[in-house]
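Participant: This is what each chain is made of:
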Amino acid sequence: MSRSSEIIHPSSDLDEDVLIRVNNVSKKFCRDFKKSLWYGLKDTAADILHPTSSSQDTSLRPSEFWANQNISFEVKRGECVGLVGKNGAGKTTLLKMLNGLIKPDTGSIEMHGRVGALIALGAGFNPILTGRENIYVNGSIGGLHKKEIDAKLAEIIDFAEIEDAIDAPVRTYSSGMQVRLGFAVAVILIKPDILIIDEVLAVGDSSFRAKCLNEIQVLLKSAAVIFVSHNENQVKRICTQVLLLSKGAEVLQTHDVSEAFKVYGRLEAVDYGFESGKFTEPLADVISCLILPKIEHDQGLNSTEPINISIEARATAPIGRCRATLFARSSAGEMVAAYQATVGTEDNIIQPGVVFNVYWEIQSLDLASGNYDFCFSLISDIDYQIIFRSERLFATFVSTEAFNGAALTIAAEGKLNTQKTTAYPQLKIYPTSLPLDIIDQVLAVSQDYKYGYFRVAKAANSTVISTLYYMETGISGLTLDTIQPIKDEYWLNCSSLPLNIAELLDSYFKFTFVRNPGDRLISCYLDKVAGRGVKKSMINKALGRNSQDDVSIDVFLDYLSSGGLKSNVHWIPQSLIVQETNDNLDFIGKVENLSDDIQYVVDKIYGKALDKLPSIRDHKTNASEFYTQLSISQRERIAQLYDADFERFGYDKNFWVTASRLNSSGE
Amino acid sequence: MNLPVTIYTPESPLRNPLKLILTIFADIWRTRELIGILFQRDLKAQYRQTFLGYIWILLPPIASTAAWYYMTSQKLINVGSTAIPYPAFVMIGQIIWGTFTAAFAAPQAGFNGGSAVFMKLKVPPEAFIANSVAKIIFDLLVKTVLIVAVFAIFWSQLTISWTILLVPFGLAIIALFGISLGLFMVPIGSLYSDIGRIVGIAMPFLMYTTPVIFPLAKGDGLAATLMSWNPLSPAIEVTRSWLTQGAADPNLVLNFLLLIPISLILGIIGLVILRIAMPHLVVRMGM
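For the record, the sequence lines run as chains A and B. Position one of the first sequence corresponds to residue 1 (my numbering), numbered consecutively onward. Position one of the second sequence corresponds to residue 1 (my numbering), numbered consecutively onward.
Just so you know, these hints were derived from the structure itself, not from any lab. Ideal Cβ placement from N, Cα and C applies to all residues, glycine included. Hints are not guaranteed to be accurate.
[Claimed, not checked] Straight-line alpha carbon distances no greater than 16 Å define the calculated EDC-like cross-link-like pairs of lysine to aspartate or glutamate that follow:
#, chain 1, residue 1, chain 2, residue 2
1, B, 218, B, 194
2, A, 147, B, 33
3, A, 236, A, 110
4, A, 221, A, 17
5, A, 34, B, 194
6, A, 146, B, 33
7, B, 44, A, 167
8, B, 122, B, 27
9, A, 653, A, 636
10, A, 76, A, 17
11, A, 35, A, 64
12, A, 34, A, 79
13, A, 86, A, 334
14, A, 653, A, 592
15, B, 122, A, 110
[To be verified] To give a feel for the contact side, a few chain B residues facing chain A, derived at Cβ under 7 Å:
#, residue
16, 32
17, 59
18, 63
19, 66
20, 280
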């Protein structure tokens, strides 16, 4: 391969499907503008005066840093790489090198075929010219002839949805219109083999974004795409892999998009001082956090109304004079607002062990509607360095108007499930009348969508969890093996939830799923008693039989009717469990109506139904078949045992009649 | 599938100079349609916000000629005798000089006009420069109106000979020379705006040492020495003679023609340097 800086020859590569090959590429930048100019002059001079000297220079001059360092990857036809990283991570630099605008300081880049690029807003448009004229200019830059552009003009105008404005100067266009036109030119007009899309799809309305993503997917059949976005959903939708950059270096290259965003989130957290990594010795423990007005059931905070937030914290190390800043962080992970307060102390230094207050009197949050979480930092009054940053204080939905949707509010810090609870600032917890054992057994809480899920025994938990998990992460096909880590990662696990959470629960959308009581009893019998037999000895013991004796359905029914009904979660009537939270449940779904009812729940908490539910598994026990072998009297016994359940959940006592959806007393 | 492959490495493109030069010219040829479109768009855009439109091309030489005519006719300054009536001398001198200054400024202007695009799209910078050059030709065509007017006013004192056919050739050499020098300025001028300021200050001095407003100085004085060493002196003198008097001084013509090889060599070197500097310039554009 020739080593000139830029050569073009027909591809002779065996691995023809690789369209982008980046090998160990680095790029230096200089922060100091004057020095940068001087270096630019020197580098140009060096290229002219010493053209044959190897310029793979890996040393940095004063004020220089690596904007990109040792980056290697390949993209094949049909692949889409999501380029993810914070601002300044080196994404745009990499894109500019891929596009040949600037040249690498080390390594090499191979680009096969025509490149279409949409780098930054209004890429290459002349503001004075009309949209139509700019199409011709950009098409021509892309190497197209006038006739080719003529042929596609109508399609571009149509796609960009700017018929009315096409003959107006581009400077009169909104940013959304510019992106639409830019995208249409880069994708539809150029029909590139390699498409490079910088973070431009953040602009524009969602329907157009969806259209763009569709278009990229179509293009992907014949092209390789590099896509920069902070938006996890967008990346998930079209990217086959993610390249995560941080401070110019490649942190992670993976096909697991969720994993990449998890790592990205963690990186960001470290940068913001969220993770303990940066502040090994926390300076304060938050004892309580009080928000007024209280975050009410079914309501988040109103963005336009005054809000008072006070924190009580205990210093664990001396804290000098500082001010406190409350940060609001959007669901996209960006700090979007900061609110100042002075730390309420007379002393110059807060000594360890001293409890102090921080009080924010906020006239209005002035946030756009959405989910936010809030944390606070202490910033030194002397050198303005951040000396402490808290974990999440609370998370809530913020609305610009009165909020009428499902309850989507959580007032808790994250990761309550971890063993490290004491390491996190504590939440002010409200008293509850709910018995702990019930909570322990039935509650799981989503972090992302803010709902409580009451896990009622034998209520298709895995199916429901896998659906909700899919909703939160986009990952389907959850197996029983993968449920546990999810409970740990994505759900606030019940076992470590503090006692006083009734008010907390009040603010969640709470639902459960129940199953036809007869079906449930039989399937429980087939599995736990006749099948694997895990409950056999318990039953035999209660009836004074030998522990390994076979338990027939009649013996089992005898046992239940003799008082064993309430002894185990697997056959305790669900009405008894649900009763504990009688007034709290927002929805009771039916396993028999699983698809529709899950969609209903998803719609309630997610705002819209999912296009496609993850595969919903059938129950392994063949209860229906078994039922047909039962006598009338056996069926009646089952119906009697679960009388209340049949009534409460509206099931037909003739069993296995698909009932219509039932809403609980709340509706 | 035989897709073209582009490879980017840190190496200097000057490793293979001949190939680089061929690539540059191939790129210019490849982007000829783009140049055409850019030219059209700039023509439209340039005076879009003006009332007088293209008349603005004519006004500067008219105003300048009027000023100098006023100063000399009122004896405020004395420029000595000219072979043709002084207003015609100044007007035609201005037009020729204007061609040079416009040509000199064209590469940087074209480059600046394209900088927003260079930051975002891969496009040969020469296309934008060529477009800027095309504008000079357009301006000249408009300015022929002035030349016709000069001939109409002073027809009895001017000679129309076959040499008038050489005038476009003369102007082309002057433009080529201007462009070559201008190309050299682009890399450094894009990094340091000092260059533009220096040029702005130096240009009038250069004009006064060129027979634009004053006739060619004679004798051993400083002015005469400067004018005789100024490569633009024969260019202006000869072209004006071809236009208004017929034959020109053969020595001056020879000197003038020497500009052709000089310009071509300088021009190609200028293009090569610009290409080499290009990625370094783009890095700084974003700052």
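Participant: Each hint needs a verdict: does it hold in this structure or not?
Facilitator: Going through the hints against the structure:
{"no.": "1", "hint": "218/B to 194/B", "verdict": "35 Å, violated"}
{"no.": "2", "hint": "147/A to 33/B", "verdict": "11 Å, holds"}
{"no.": "3", "hint": "236/A to 110/A", "verdict": "26 Å, violated"}
{"no.": "4", "hint": "221/A to 17/A", "verdict": "12 Å, holds"}
{"no.": "5", "hint": "34/A to 194/B", "verdict": "13 Å, holds"}
{"no.": "6", "hint": "146/A to 33/B", "verdict": "8 Å, holds"}
{"no.": "7", "hint": "44/B to 167/A", "verdict": "14 Å, holds"}
{"no.": "8", "hint": "122/B to 27/B", "verdict": "12 Å, holds"}
{"no.": "9", "hint": "653/A to 636/A", "verdict": "8 Å, holds"}
{"no.": "10", "hint": "76/A to 17/A", "verdict": "5 Å, holds"}
{"no.": "11", "hint": "35/A to 64/A", "verdict": "9 Å, holds"}
{"no.": "12", "hint": "34/A to 79/A", "verdict": "41 Å, violated"}
{"no.": "13", "hint": "86/A to 334/A", "verdict": "10 Å, holds"}
{"no.": "14", "hint": "653/A to 592/A", "verdict": "14 Å, holds"}
{"no.": "15", "hint": "122/B to 110/A", "verdict": "15 Å, holds"}
{"no.": "16", "hint": "32", "verdict": "10 Å, violated"}
{"no.": "17", "hint": "59", "verdict": "22 Å, violated"}
{"no.": "18", "hint": "63", "verdict": "27 Å, violated"}
{"no.": "19", "hint": "66", "verdict": "32 Å, violated"}
{"no.": "20", "hint": "280", "verdict": "4 Å, holds"}
Hint check: violations occur at hints 1, 3, 12, 16, 17, 18, 19; the rest are consistent with the structure.
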